[in-house]
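Novice: So you can see what is in the structure, the chains are spelled out below.
Number of protein chains: 4
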Amino acid sequence: MIKTAVIGAAGYTGIELVRYLLGHPAFELKCATTNSNAGQLIADVYPTFIGQTDLVFTDHDIEKVKAECSVVFLAVPHTAAMALVPELLAAGITVIDLSADFRLKDPLVYEQWYGIAHSAPDLLEQAIYGLPEMSRAALLRAASEQAEKGKPALVACPGCYPTATALALLPALQAGFVKPGSTVVVNAISGVSGAGRSPSTKNLFCTANENINAYAVASHRHTPEIEQTISQLAACAMPISFTPHLAPLQRGLLSTVSVELMSGIDSEVLYDCYRQDYATEPFTHYLGRGMPQTASVVGGNNAQVGVTHDVRTNRLIASCAIDNLGKGAATQAIQCANIIFGLDEKTGLDSIQPIL
Amino acid sequence: MIKTAVIGAAGYTGIELVRYLLGHPAFELKCATTNSNAGQLIADVYPTFIGQTDLVFTDHDIEKVKAECSVVFLAVPHTAAMALVPELLAAGITVIDLSADFRLKDPLVYEQWYGIAHSAPDLLEQAIYGLPEMSRAALLRAASEQAEKGKPALVACPGCYPTATALALLPALQAGFVKPGSTVVVNAISGVSGAGRSPSTKNLFCTANENINAYAVASHRHTPEIEQTISQLAACAMPISFTPHLAPLQRGLLSTVSVELMSGIDSEVLYDCYRQDYATEPFTHYLGRGMPQTASVVGGNNAQVGVTHDVRTNRLIASCAIDNLGKGAATQAIQCANIIFGLDEKTGLDSIQPIL
Amino acid sequence: MIKTAVIGAAGYTGIELVRYLLGHPAFELKCATTNSNAGQLIADVYPTFIGQTDLVFTDHDIEKVKAECSVVFLAVPHTAAMALVPELLAAGITVIDLSADFRLKDPLVYEQWYGIAHSAPDLLEQAIYGLPEMSRAALLRAASEQAEKGKPALVACPGCYPTATALALLPALQAGFVKPGSTVVVNAISGVSGAGRSPSTKNLFCTANENINAYAVASHRHTPEIEQTISQLAACAMPISFTPHLAPLQRGLLSTVSVELMSGIDSEVLYDCYRQDYATEPFTHYLGRGMPQTASVVGGNNAQVGVTHDVRTNRLIASCAIDNLGKGAATQAIQCANIIFGLDEKTGLDSIQPIL
Amino acid sequence: MIKTAVIGAAGYTGIELVRYLLGHPAFELKCATTNSNAGQLIADVYPTFIGQTDLVFTDHDIEKVKAECSVVFLAVPHTAAMALVPELLAAGITVIDLSADFRLKDPLVYEQWYGIAHSAPDLLEQAIYGLPEMSRAALLRAASEQAEKGKPALVACPGCYPTATALALLPALQAGFVKPGSTVVVNAISGVSGAGRSPSTKNLFCTANENINAYAVASHRHTPEIEQTISQLAACAMPISFTPHLAPLQRGLLSTVSVELMSGIDSEVLYDCYRQDYATEPFTHYLGRGMPQTASVVGGNNAQVGVTHDVRTNRLIASCAIDNLGKGAATQAIQCANIIFGLDEKTGLDSIQPIL
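Protein chains in written order, with the working numbering: chain A, -5 to 350; chain B, -5 to 350; chain C, -5 to 350; chain D, -5 to 350.
Hints listed in this document are in silico derivations from the structure and should not be mistaken for laboratory results. There could be a bad hint or two in this list.
Pairs involving identical chains hold if they fit within one copy or between any two copies, as the list cannot separate such chains.
No farther apart than 30 angstroms at their CA atoms in a straight line, the calculated lysine-lysine pairs in the BS3-like style are these [as the list claims (entries may be wrong)]:
1. Lys196 <-> Lys145
2. Lys58 <-> Lys196
3. Lys196 <-> Lys143
4. Lys60 <-> Lys196
5. Lys340 <-> Lys173
6. Lys24 <-> Lys173
7. Lys(-3) <-> Lys173
8. Lys24 <-> Lys58
9. Lys196 <-> Lys99
10. Lys143 <-> Lys60
11. Lys145 <-> Lys58
12. Lys173 <-> Lys58
13. Lys(-3) <-> Lys60
14. Lys173 <-> Lys145
15. Lys173 <-> Lys60
16. Lys(-3) <-> Lys340
17. Lys173 <-> Lys143
18. Lys196 <-> Lys173
19. Lys(-3) <-> Lys196
Note that the structure is a prediction, hence the values are computed from the model and not measured.
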């Protein structure tokens, strides 16, 4: 068993990591740290765990983590992650970072959007973007290096919006079907758990229920990450117009993308491209022209993608549904960790979710 | 009191018309017809009306309607409306049509999207598009003609998505800020009442709750209506990429639009344009750069609009929230009827809605 | 116009009072005070009010209230109300108190359940319990005294659970159908707005949504109020077993009561008793054996009551649905104020609510 | 692997059985029959299953089931089950019946509440009530008989309301703390999935959302089952006053019970009794005086129970939360099947559920 820690275990993403790791056959959860509920039984904070585990939340004792664990999942806010990563890597510990700190390759872009200079820019290059559908080769190389040379991997897990958006467009971009340089219009909708667990007027039941709104227009920090990913897949600079929305559901995220295609694209060729690219993916499934719904992916690591070629406007409308706390956070992190440690990607992630 | 009928009164839009007309000081509801609950007390079908009215749903007795009423609200499906309108107008009755039958000016476009030839194409020209913010002058002219010459007006009330989309862009389009001919990308989200009251697997609680999905991609029938309206406001052909979504709320609709601007637009000039255009509108309010939420407009006739100039991409992101059954249907119809009958636009529509 | 203040205007109940008073033809809202948003436009705090009012929240300037207003609605927590009431009454101001401070007639019972000695016990006797279906005669007497002798009335508006529970049983209790001294088992379910607007983990969307639980079992402070009311209606001591529940709806409250009947009660006589008692009530409606649903009363002042005589167990099952912020708080307070000021009870409360 | 069929696999309970059986290490799902979607891929009907299974729904071919399977889960309506059970048992097939047909021991009571004579009354005696917390000994005996004598077991799985109600009271009843013969007042609240998947106005999103109501008052068919179970646990006749409610959640059921205690009961002794009785139960957990919430048990087979001794009225308030489709249906059926086939009770049921 691989000794494992979750740093920041009491938030929505952290506790989801805890839940999966407790049932994982290869990772053994040794430490679940938090600065809010240290000393409490997990089952006292989250009654769902009653009868399932006697584990206690502990405080952020990094020395203990370094002494006991081989891999650390960081479910902490940005800036907190980059403060910890150098020390963990130096101690030979694999880091699966769910924060935003190592996603952007250019530290100046990081500074521009996050308002603070990056404190570990030298690690940006070695950080692998943890979207297996896009970066599996890099993840496998890092796995080899770790296994053979003992060099601990650093995985920068994607944000929830960037995950769904990249999966919506990946086959079309890689095949060169999208018009180079054209603006990619991304409208995405997230459940309220994306806003975190700190109480505020915005995430109250009586505020969020029966309500829809756009937010962080033209300023959401996932914008440069989406731009980096889409541009890399397109092999050219692609500007992004990204508008996130909040909807009254607990979990689930849908990204719907409208983008101009090259002229002369045959619809069936386009659809076949998606079918083939995703045929072998363990978690990302292509629905044909059927549009995905979040309810079909909530509670697990699956992504479902549907696309329509609007021949009238020669645009591609692609929509991808994920669980913002699953494929958009905790389970994708575990998928990456599985790869890094040479396990089957589906290990610990293969249960079927309820239909409702 | 102006004698009034609602044809198709038992659906979600119809019953909302009934509710407002029962409290309206100038319209007197004489007939509420339906083919599903004829003979039943409204209060037996909808217990909200217990103690409020003794009115009974009646069947579609058009002769009775013609004999007793001066104005008819048509809350019937498309094709049913165009079958009734010629007869009603010929009888001198004002028609406020909430169906799609008289919205599109070109009968060929109608046939293309609705799959049936228009049966009253000669009336299309005289039908006034019932979006007061855009067509107030035409509505007032029709009001004069009706008052002075006795010629009954025919108002084609806009669809819910076209209403919100037009209000999101109207000031920018009329001011010439939007790049002519560029594709307008519209992503909209509607509550489940937009799917109507006929039970199906799709609108079950356990299907729609905790779920989000796009639907009718590149094929929704509001597309040509949006295209007609936006192009008219822009005074040039504007292609529309429209993707509607369904979200787990009962009422409420949000349309978020991303569109390319002319180069050199000053953000403040853009914002001022919205501020000025909407300063005198009784129901449409500009929020500045704050984004509207549906919860603030549900249950009434208000529209709230927020816009952001994304200078990075030189695009305008505009978002408009309405109640799909209110400003998107029943209350906008009453607003139009108020104008046609020379009443203050706010008559019967001035109550403040609850904050939750 | 009667000059009016709402003290504690920014909470859910306070803002609902504001909403109704702004549309009321006889009360003129002069002051809306709060200790949380003083100085802000109401429309800035609650965007629903955009375009509806220019009123600004002010701080708790009681001197100003006393100088300008004839009636004060107190939407403040318990203890805060009893600190203000003596001063307001002394200044000749009518007080409609929505707190718990003047509901219980026995100051020792108050101290027992609220954990603090009552600071104005001498006013308890003159306080009229503001449930018009039960106390209309007393309210009318107070109205006369106020009109004729200038003695300002003090109305203690009932809690939300006591309102629904009393209305569920009132006819059966007054007719002597319920077995004297038997335990009245009350199970009630409230929407989340009942928990107020202060953010906490308990009223987060992701906590309250898709969740049901009982709370404050055997310890809810509405228990002695229910016991006082039920015992008064029964003219004998009736013990109450009261269990409140929280359900994922914003507004709405349902109280379902199970109680043993006297032997030999004829079901139809029982039902007729409800029918007759409630036939003339403007807001409380009897549904026969049909069970009420909260959706039919939300957004207004109506109560709907259904009863079933379970002949198998000779028990009465009665269920009453109200809006916890309406008949359970703000609108019932206005109903009482209407009576106190000699207005028609329905003044300002007669709009029909939407069916969804 | 034990060859398994689910008859009635396309409803909410049936598909939940399918989901668990596909992941079960000892049962192999061979047939999933339905009369509504026969011939369709499960993944086409329920997109959650995309990428998880290639299984196809088949029609009700009982001969095929008899030829291929050793155990059958019946997720069919009452009357349909009793028509199949004799034939299946005669063919040597173990039957786990989730319908109501074999729950009531007295065929006359069955006829009285279900309006039809029981067609297999001779099998009622051998049917084991599938509530392991109450009937584990009987289930184990049946397991022995099946293993040793080849006599196939017939398990009558409890209804959802009876399950939660029995678990709320079991320790107190078995210990003799409840006053014999006193009326047990049960108020329960179910999510909308309890109403099934057939579309009707009642289970539409716009009907069920933001709504609460009691239903089937004094007439719900679970009443005699609750009465049978509670009376058996109390070892004397206990009348039940049962009122079910519908609440706007998809899954989850809460039963809150108020019952008179014997005089002189010490609260701590009462609480200890619950603690000890449930200490060794794999799925039923006692929370002390904390009240359970449905969100903590949804998606699995757990029950959580909280109790309060209201010393003021000397009543016990007990509340039990389960998943109506889990412990109230599908997973409890699998728990029983595990016992019958000599497996660990938790086999296939041990995953931890998400906290939201």
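Novice: Of all the hints numbered above, which does this structure not satisfy? Sort the numbers upward.
Specialist: 1, 2, 3, 4, 5, 6, 7, 9, 12, 14, 15, 17, 18, 19
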